[in-house]
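So the chains spell out like this:
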Amino acid sequence: MSRIHLQGLTRRFGGVTAVDDIWLDVADGEFLVLLGPSGCGKSTLLRMIAGLLAPTDGRVLLDEADITHLPARERDLAIVFQSYALYPHLSVARNIGFPLRARRWSRDEIQAKVAEVAAVLDLSELVARKPKELSGGQRQRVALARALVRDPGAFLMDEPLSNLDAKLRSSTRAEISGLHRRLGATVVYVTHDQVEAMTMATRIVLLDKGRLEQVGTPEEVYDRPESTFVAGFLGSPPMNLLTAEVVPDGDALRVRAADLDLPLGITADTPPRPVALGVRPEHLRLTTPDAAGIRGVVRTVENLGSEEVAHCVVGDERLCLRGARPLGLHAGDPVHLTAAPENLHLFDPGSGRRLAWQPVPSFSHHPPPLPHPAPSPI
Amino acid sequence: MTAAAVVSPVDDEAVGESGRARSIAGHVVLTLLSVACVFPIYWLYATSLRAPEDVYSLSVLPWPLSLENYADAFAKTDMVGMLVNTTVMAVLTALGQLLVALLAAYAFAAWRFRFQKLLYLMFVGTWLVPFQVTMLPNYVLLSRLDLLDTLAGVIIPTLCSAMGVLLLRQHLMGFPKELLDAARMDGRSSWGILWTVVVPTLRPVLAALGILLAITAWNEYFWPALVLRRGNDVVQLGLRSFMGTEGNDWGPLMATAGLTCLPVFLLYLVLQRHIVNAFVRSGLK
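Chains as they are written, first to last, in the UniProt record's numbering: chain V, 1 to 378; chain Z, 1 to 285.
Hints were generated in silico from the structure; no laboratory data involved. The model shown is predicted, which means the values in this text are computed figures rather than measured ones. Backbone N, C-alpha and C fix where the C-beta goes; we use that ideal spot for every residue, glycine too. Incorrect hints may appear among the rest.
[As the list claims (entries may be wrong)] Which residues of chain V face chain Z? A partial, calculated answer using Cβ under 7 Å: (1) Leu52; (2) Ala72; (3) Arg73; (4) Ile79; (5) Phe81; (6) Ser83; (7) Ala85; (8) Pro88; (9) His89; (10) Phe98; (11) Pro99; (12) Ala102; (13) Arg103.
Let the hints inform the model, and build the full structure from the sequences given.
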């Protein structure tokens with residue numbers, strides 16, 4: 001399997017920059033998921049890696065070899081499309097063997113390889129059928145088989161599960177993950193579905209408006225979002241973001257707003273500073289009315305089966321609370337919430353970047369200008 | 001709810017009555033139109049099957065039936081030779097037009113190149129130029145190339161069908177781009193993609209268009225008459241044998257015309273679905 005390096009990859013369409021200066025290394029055997037909302041440039045980025053779209057600027061390297069200007073058919077990459085892109089006039093066996101015929105393998109070699117791959121993906125019974133005679137899941141497996149049959153340097157997948165129903169998506173997700181583990185394949189996978197990203201990726205790349213927002217393991221991007229965009233994109237419901245202010249209180253710092261007062265668990269002194277306070281819905285706990293915390297009113301309660309989500313109003317802002325069913329809340333109830341300091345996230349309200357506490361060296365004579373924006377995570 | 005339940009049967013009845021009246025009126029109009037379309041063809045075959053002395057009879061049924069006009073037509077013209085020539089001309093014209101249309105449409109739909117729109121408009125614009133305008137330059141060119149009085153002279157100048165290009169381009173514009181991308185990733189060149197992915201996938205469209213082009217070529221009279229001059233190499237020109245300054249020989253003329261129409265009718269019977277498809281897809285006729 002191969003490594004992929006993207007160096008300053010950029011693509012502009014007229015005056016619109018779809019992909020903006022992406023630097024990224026995909027390690028051998030890595031399952032890298034490009035995640036972001038529609039129009040964030042993830043598919044454009046994948047098409048540039050595949051060679052289906054020429055970059056405006058930057059380079060694509062495959063195992064140190066510059067393939068930026070190599071035609072798609074000469075790159076050692078295979079792609080699986082959202083629509084599966086199976087050749088409708090060919091049987092399953094001929095669909096799977098199509099890339100091998102283009103490479104002028106002998107008929108016997110093709111037959112042997114197709115049989116091997118079909119067996120791996122449980123398609124042996126279906127090889128004589130045409131794509132229109134297959135279910136969505138079976139078509140998806142044929143598309144995977146066609147990618148697998150070439151033993152490519154890396155697999156590119158463009159939202160391959162989007163056309164499947166929820167149940168099939170879940171099983172195919174597990175199947176692709178299993179395949180990745182068995183083959184040790186390098187995979188670049190595009191999706192807008194955070195569940196796919198969280199469950200399959202070894203690393204997630206979050207994109208917004210063509211730019212890299214954060215790269216990290218699923219745990220890193222979920223537990224330590226580097227921006228309000230990442231915080232607001234991941235999670236269902238996403239992280240609550242409230243306008244607040246960090247203020248000193250004795251020798252400790254607290255975060256405060258109207259109807260909000262929480263300790264940050266930091267012993268320090270700093271001038272008051274406006275922040276965006278982030279807290280995940282599942283990290284909020286109900287507390288007593290006299291305790292410090294967040295005071296709000298429940299608007300609606302959603303039943304998710306095993307859990308409930310309470311949508312609340314805190315001052316002028318909205319906030320969600322998620323917990324095991326029953327939460328014991330009803331529309332119109334006043335609610336008092338708290339969260340552990342380690343589950344509170346602070347962001348700069350202007351740039352949206354994460355703020356991190358950085359202790360000031362003891363020899364400093366000046367009070368620290370803290371919290372301050374964290375260094376770029378990329 | 002109750003009011004609606006009470007009112008709705010009355011409404012249904014009203015809709016039903018006016019609907020039935022509309023349906024009957026529609027059927028009457030369509031029947032009249034069908035008769036207007038079919039009657040000339042019926043009259044052609046009826047006349048061809050009358051005895052020579054009954055050719056001017058106005059009786060609706062051709063009785064007694066006679067094949068004398070057909071025998072006369074075969075005796076006076078090389079009917080078999082003409083049918084073979086016409087078939088060769090129609091098939092070669094249709095295949096040539098299909099090939100040119102396929103290559104042009106593929107280029108216009110799957111590629112991006114300079115002046116693409118302008119070239120496409122020029123290509124399709126040739127459709128708007130009346131045949132009579134291009135007829136003389138083509139005739140002079142054929143004369144210089146010494147192709148007058150040959151089937152090649154009939155076929156070659158008609159090899160580019162603007163309608164074919166337009167129709168295939170429309171289909172190729174709707175062709176799934178991911179299929180082309182998949183074929184590129186799977187190692188095919190553009191030429192390879194055309195023949196291994198595009199053509200097999202478009203087979204129904206190509207078949208439908210091919211039939212349409214073949215029928216058009218088969219029915220062509222004016223251009224073959226111009227190129228073949230006095231020769232009667234194709235069956236449509238064979239009809240001229242029975243037209244004279246002293247009057248027309250209606251019996252064998254109708255028999256020949258009937259035989260001329262027969263292959264097209266047979267083609268229609270066998271490939272009815274494809275032909276209707278072709279007309280629907282083309283949206284032209």
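(request) Under 7 Å, Cβ to Cβ, is where Phe98/V needs to be relative to chain Z, so tell me if that hint holds or is violated. (result) holds, 5 Å
(message) Please check whether Phe81/V passes as an interface residue: C-beta within 7 Å of a C-beta belonging to chain Z.
(response) holds, 5 Å
(message) Next item in the hint list is Ala72/V. Is there a CB on chain Z closer than 7 Å to its CB?
(response) Hint holds; Ala72/V Cβ to chain Z Cβ min 5 Å, cut 7 Å.
(request) Using Cβ atoms only, decide whether Ile79/V comes closer than 7 Å to chain Z, and label the hint accordingly. (result) holds, 5 Å
(request) May I ask you to test the interface hint for Ala85/V with respect to chain Z, counting a Cβ-Cβ separation under 7 Å as satisfied? (result) This hint holds: Ala85/V lies near chain Z, its Cβ roughly 4 Å from the closest one there, short of 7 Å.
(request) Could you check if Arg73/V really has its C-beta closer than 7 Å to a C-beta on chain Z? (result) Holds, because the Cβ-Cβ distance from Arg73/V to chain Z comes to roughly 5 Å (cut-off 7 Å).
(message) Holds or violated: the hint that Ala102/V contacts chain Z, with Cβ atoms closer than 7 Å.
(response) Nearest chain Z Cβ about 3 Å off; hint holds.
(message) Less than 7 Å between beta-carbons is the criterion; does Pro88/V satisfy it with respect to chain Z?
(response) holds, 6 Å
(message) Given a cut of 7 Å on the nearest C-beta pair, is the interface hint for Leu52/V held or broken against chain Z?
(response) holds, 5 Å
(request) With chain Z as the partner, please determine if Pro99/V meets the hint condition of a C-beta pair closer than 7 Å. (result) Interface hint status for Pro99/V: holds (4 Å vs cutoff 7 Å).
(request) Please verify that hint: His89/V, Cβ, nearest Cβ of chain Z, below 7 Å or not. (result) Holds, because the Cβ-Cβ distance from His89/V to chain Z comes to roughly 4 Å (cut-off 7 Å).
(request) Answer holds if the nearest beta-carbon of chain Z is closer than 7 Å to that of Arg103/V; otherwise answer violated. (result) holds, 6 Å
Checked against the numbered hints listed earlier, the structure breaks none of them; every hint is satisfied.
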